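2 protein chains.
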Amino acid sequence: MFQRLALIGCGLMGGSFALALREAGLIHTIVGFSASEKTRQRAVELKVIDQACNSVAEAVQGADLVLLAVPVGAMHISFAAMRDVLQPNTLLMDVGSTKCDVIAAAQATLGERLNCFVPAHPIAGKEVAGIEHAEASLYKERRTILTPLPTTGIHRLQAAHDVWTAIGSHVSTLTPEAHDATFAAVSHLPHMLAFAAVNAITAQPQGAAFLDMAGPGFRDFSRIAASDASVWRDILSANHAEVLTQVAHFRASLDQFETALKSGDTAALQHLIQQASDTRSAWSLLADNACNQASEDK
Amino acid sequence: MFQRLALIGCGLMGGSFALALREAGLIHTIVGFSASEKTRQRAVELKVIDQACNSVAEAVQGADLVLLAVPVGAMHISFAAMRDVLQPNTLLMDVGSTKCDVIAAAQATLGERLNCFVPAHPIAGKEVAGIEHAEASLYKERRTILTPLPTTGIHRLQAAHDVWTAIGSHVSTLTPEAHDATFAAVSHLPHMLAFAAVNAITAQPQGAAFLDMAGPGFRDFSRIAASDASVWRDILSANHAEVLTQVAHFRASLDQFETALKSGDTAALQHLIQQASDTRSAWSLLADNACNQASEDK
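Line order of the protein sequences matches chains A and B.
Numbered according to our numbering, the first sequence terminates at residue 336, and the numbering increases by one at each position without gaps.
Numbered according to our numbering, the second sequence terminates at residue 336, and the numbering increases by one at each position without gaps.
To be clear, the hints were calculated from the coordinates, so they are not data collected in a lab.
Here the structure is a predicted model, which means the values were calculated and not measured.
Hints may be right or wrong, so weigh each one.
[Unchecked claim] Listed below are the simulated SDA-like cross-link pairs for lysine to any residue, each with C-alpha atoms no more than 25 Å apart in a straight line:
#1 K300(A) / D293(B)
#2 K178(A) / V166(A)
#3 K164(B) / Q312(A)
#4 K164(A) / P254(B)
#5 K300(B) / A267(A)
#6 K164(B) / Q308(A)
#7 K164(A) / A247(B)
#8 K300(A) / A241(B)
#9 K164(A) / T304(B)
#10 K300(B) / A216(A)
#11 K76(A) / Q312(B)
#12 K76(B) / Q308(A)
#13 K164(B) / D102(B)
#14 K178(B) / G253(A)
#15 K164(A) / G253(B)
#16 K85(B) / D102(B)
#17 K300(B) / Q308(A)
[What the hints assert, rightly or not] Covered stretches of chain B (in silico footprint by chain A; criterion: 3 or more residues with CB under 8 Å from a CB of chain A, positions within the stretch not fixed):
#18 154-165
#19 222-234
Positions of the beta carbon are idealized from the N, C-alpha and C atoms, including for glycine.
Go ahead and model the full structure; you've got the sequences and the hints to work with.
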């Protein structure tokens, strides 16, 4: 149970966290700051936050729980703005999709309050952004990755674990480096491929006619291409080294398909597809062992 | 209303067509042939067909409606097997995902029965194959493309139109060439990209650990990678020229992202993402005007 949550960034991710905490009965007061005054007011109107604050420092003042839910490019300035008002026992978490850069920003700015910080990445979202789309169930049955620092105390880590578990999320722990390599492969590159595939169609004179005929396969494949441009600019930029490594792996894989198609080698083509199909058919969103693991953790 | 439907290929697509026709009260008797005897028996057990036949010719004999729902690589042999028993007034349709190659096979084999044939491609499916997954609603609110030949009579085309409309599908007409270019862009290439992306992950030593952490974005993006390998080997092979053209467009688009990432040009990166995001956000599965069009057709 926390007394005061300071929500820095009142969007889909932050708003959903606030709603989930309230639903779980874990919070007394929720205050929020957003760079846009309109967004702050909307968050109050939608009863996601109790009170809008005019600055990061005003929001964080007196908070025992702080959630930093801004685009990863805005993390540095937010850390700097809260440093002097963070209480020693406050639990500070982010929800950034990259971790090494957020940690570097925290290390460069937070000083002795660095031990308040437990970097977090809930693997959830929607292709639509904004507080209007926030919902208490966003993190339910979704995974949340924590990437603790060497300085993170075990009690702080446990508190972070407990908060995410209480709102229905399955918590895993990774090093920041393993996190960024993993999500370059399974999230950042897929987003970039979906963006590139949509642009490749619209760049053609018949692009609009092509899109008009697209079916449910295209709908699902390209859903993530509707994601917010500022958010994904920041994610891809922050993790560009790992993303470029994954692009190279992808190009090598695509080359195999192209070679098989060009040479008419249908056996090789079938083998390549079978490999992908077997892998994807065996995969599911939260593997059973992961769920069991999470239950045991709890 | 038809008397006897001959279903050639008792899988997801054919089985769903049979169930939909029955539900719409449009058919008296359904007979079926499948290369696998086990599948034929399963189709009878599941009451998708009334009677299993031992050959294409036996099934087509006396049928006034024939649906050819086999992988596109098996179309040629199926046309050849039915040629001598097709009645002059029978409506023959396929459900192949490529059209130029299926039409070439029909032209090479059907002789004067070519005028029975209305090439069709319902834009529906699942990532799982097989008669067990067939359902009467598969084609509801989905688009079906007809690609008539110069020899296709207007009455035959109308009959084809009426059948698909009666089971809830929205019918559009394209030339076979436009069809194959369109679906290379919005279906065949996306499948190949999803296959290649999954293989690129599993080719890495940490691939399994990466996949274990993947979230809902990956789930939707990669859903089509679980598709049937034989079916997609045939589709990609049959339409390889158009698919290779689309790969080239895609690579050019991906190059732009890679260049922006490598040079740290965040403005260019944001612009590229914004373009994709705007396009995908404005897109929906069946555009309103298409639905209106379909209603007017009806």
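Verification of the supplied hints:
1. K300(A) / D293(B): 21 Å, holds
2. K178(A) / V166(A): With a Cα-Cα distance of about 18 Å, the restraint between K178(A) and V166(A) holds, given a limit of 25 Å.
3. K164(B) / Q312(A): 16 Å, holds
4. K164(A) / P254(B): 9 Å, holds
5. K300(B) / A267(A): This hinted pair holds, its Cα atoms lying about 18 Å apart.
6. K164(B) / Q308(A): With a Cα-Cα distance of about 19 Å, the restraint between K164(B) and Q308(A) holds, given a limit of 25 Å.
7. K164(A) / A247(B): 24 Å, holds
8. K300(A) / A241(B): At roughly 22 Å apart (the allowed maximum being 25 Å), A241(B) and K300(A) satisfy the hint.
9. K164(A) / T304(B): It holds: about 23 Å lies between the C-alpha atoms, which stays within 25 Å.
10. K300(B) / A216(A): 22 Å, holds
11. K76(A) / Q312(B): 22 Å, holds
12. K76(B) / Q308(A): 23 Å, holds
13. K164(B) / D102(B): Not OK: K164(B) and D102(B) at ~28 Å, beyond 25 Å, violated.
14. K178(B) / G253(A): Roughly 12 Å separates the two Cα atoms, so the pair holds.
15. K164(A) / G253(B): 11 Å, holds
16. K85(B) / D102(B): Distance of about 20 Å is within 25 Å: holds.
17. K300(B) / Q308(A): 34 Å, violated
18. 154-165: Held - the segment 154-165 of chain B has 4 residues with a Cβ nearer than 8 Å to chain A, which meets the minimum of three.
19. 222-234: holds (count 11)
Consistency note: the structure conflicts with the earlier hints numbered 13, 17.
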